[in-house]
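Peer 1: The primary structure of each chain is shown beneath.
There are 2 protein chains.
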Amino acid sequence: MDKTDFNLACPIPKNDYDKILLAHGGGGILSNQLIQKIFFSQFDNELLNVQHDSAMFNINGVRLAFTTDSYVVQPIFFPGGNIGDLAINGTVNDLAVSGAKPLYISVGFIIEEGFEIEELWRIVLSMKQAAEKAGVKIVTGDTKVVNKGKGDKIFINTSGIGIIETGIDISPINVKPGDVIILNGKIAEHGIAILSAREGLEFETTIKSDTAALNDLIDRILKTSKKINVMRDPTRGGLASALNEIANKGNVGIAIEEDKILISEEVKGACEILGLDPLYIANEGKILVFVPKDDAGKVLDAMKNHPLGKESSIIGSVTAENKSLVTMKTMIGSSRIVDMISGEQLPRIC
Amino acid sequence: MDKTDFNLACPIPKNDYDKILLAHGGGGILSNQLIQKIFFSQFDNELLNVQHDSAMFNINGVRLAFTTDSYVVQPIFFPGGNIGDLAINGTVNDLAVSGAKPLYISVGFIIEEGFEIEELWRIVLSMKQAAEKAGVKIVTGDTKVVNKGKGDKIFINTSGIGIIETGIDISPINVKPGDVIILNGKIAEHGIAILSAREGLEFETTIKSDTAALNDLIDRILKTSKKINVMRDPTRGGLASALNEIANKGNVGIAIEEDKILISEEVKGACEILGLDPLYIANEGKILVFVPKDDAGKVLDAMKNHPLGKESSIIGSVTAENKSLVTMKTMIGSSRIVDMISGEQLPRIC
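Each protein sequence line maps, in turn, to chains C and Y. Residue numbers for the first sequence follow numbering that gives the first Met the number 0, beginning at 0 and rising by one. Residue numbers for the second sequence follow numbering that gives the first Met the number 0, beginning at 0 and rising by one.
Honestly, the hints are just simulated from the structure, not real lab data. Any given hint could be a false lead.
Because identical chains share one entry, a pair is satisfied inside a single copy or across any pair of copies.
Here are the simulated BS3-like cross-link-like pairs (lysine-lysine), alpha carbons at most 25 Å apart as the crow flies [said to hold, decoys possible]:
#1 Lys-36 / Lys-132
#2 Lys-248 / Lys-175
#3 Lys-132 / Lys-309
#4 Lys-259 / Lys-328
#5 Lys-36 / Lys-136
With the rest of the complex left out, here is chain C (with noise of 0.2 Å):
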């Protein structure tokens, strides 16, 4: 084997982390080391540094969004959904929180040898379904298979690239304070839903993942006010993991009220019962949308109106104090720092 192209040292040291565990793909601090260390450190160049759920450019004058995520959900079939809706609904979901409208997608499948040609047909039905009523088109794939014992079933790549109009720029840079923080409705759905699945519990027939295409809702809001700063999908990690994301990237403090967050009893019940954060459960259907005050009444009526916003609520604001950190305000009238997810709560739930 050529070695002489390795000259650089690993950054991680050897006696932290030699080997990949769960959590470094659980979007938590070990996430955001590995992100950091091996591949921004590599791969740095003035589009990928702006770390936004889609990267962003200019190409003869037209305005770009493109972004990719893997799926490898388990179970593959799960109460509200299954990998392939999700794995469309995801990549249109970071598309449009970049403020693009998504136009195309593209599939990648890695199928186990032994896998279900029946279980494969009800995927692809459902990513069909998913894209007509997101108004995406599917335009290009490629099918790899593994020997049995050397995948999962089915994982699913999906890369997507969407056009961004004239006039609008959400990023989490432009994050300000003053900033009212609305979110869409209840939270933890999607994880607890993944997780009731995975180990057959009780309550699995009642709580659904929440995941939709969130596309023809943000398409409202942005043409609500001009004024929105960031959007942002708390997916992986969370709530807790997007809100302490857009505080560091943005250098400003959140402040979010405990009682302002819609769970489920269904779902509080479950994380109770599980010993679980609802603010740390990935959601599939849920934004977080940061405008200045002056605009926030009137779109949280627009989110209101719309069949994905019925309970949206303000949930907090951005302050110029506590930079970097996200405190909340619990039901009995405390304040509390909600920090950035350390380990990995719930493996595999996209």
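Go by the hints and put chain Y onto chain C.
Peer 2: Just chain Y now, with coordinates in the frame of chain C:
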């Protein structure tokens, strides 16, 4: 599970194949059947249906190409390269053979728990170098970790976007009787290098993968002639599968001459020992160029003057007769049909 969405019966009959076989990912007849019956039948749209290496579309007057590929090569390090530079070069080439100038690449990692971070680091360094060499930027990415035993070290998806300049129209359906077919060098090196590394065969040290980014060579070809009709990189399924695909899509005959196809002595020997036909073995740095006869000479010269085209030669031509068939005049003067591969000769070579 919600079954109401799945009224359509799976189009591959149960008594045919009810489970995914390795051959469904082999680039041959079974792959084709899966793609046509399951994916194309549902994702059906005018862009996908072109079935080119990249999807090609126009956004606000800018013509773009978009492609995706997942890499599951085993072993991940092999003579001449590794899964990292292979993934960059492969996507660069899929864009370039569509006539696009590759610009931006996304990277999705699916890593198995327990994978050595040092190995990941070496792969990432190779990707960085390959991207720099090809002049593309890695602008967005995603990392997922799956449990030990549910993956195989590392799988990489790369998707890419390129721009297609005005006047360029490369597509398998453009192939025309009379077109001359030029190939840029020796075949079957990638597949044999992988197989040798995998099996620990003796000739391992002398046969290297030909993995390379072809966009600079292709740029030179496109600057030399405005009449290029088709280009194709004969990867999975080898030269035979690439030629069959073009003969089928273009509804033409293809006639090649065995003695014009270069194969190194080492590869020839390995193929004999292993009982493999080099026409079906994957290449990762080869390109087939279809150009009308009057421009063939200058294109051949331009290719020969490029480091990746020194051994270019005319291997055959396109005919109006024998539609959808590839025929080969053998060394001994007889003629035989070169079929599409049916099963799986070498799984997981890319």
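Peer 1: What are the numbers of the hints that this structure violates, sorted from low to high?
Peer 2: The structure breaks none of the hints.
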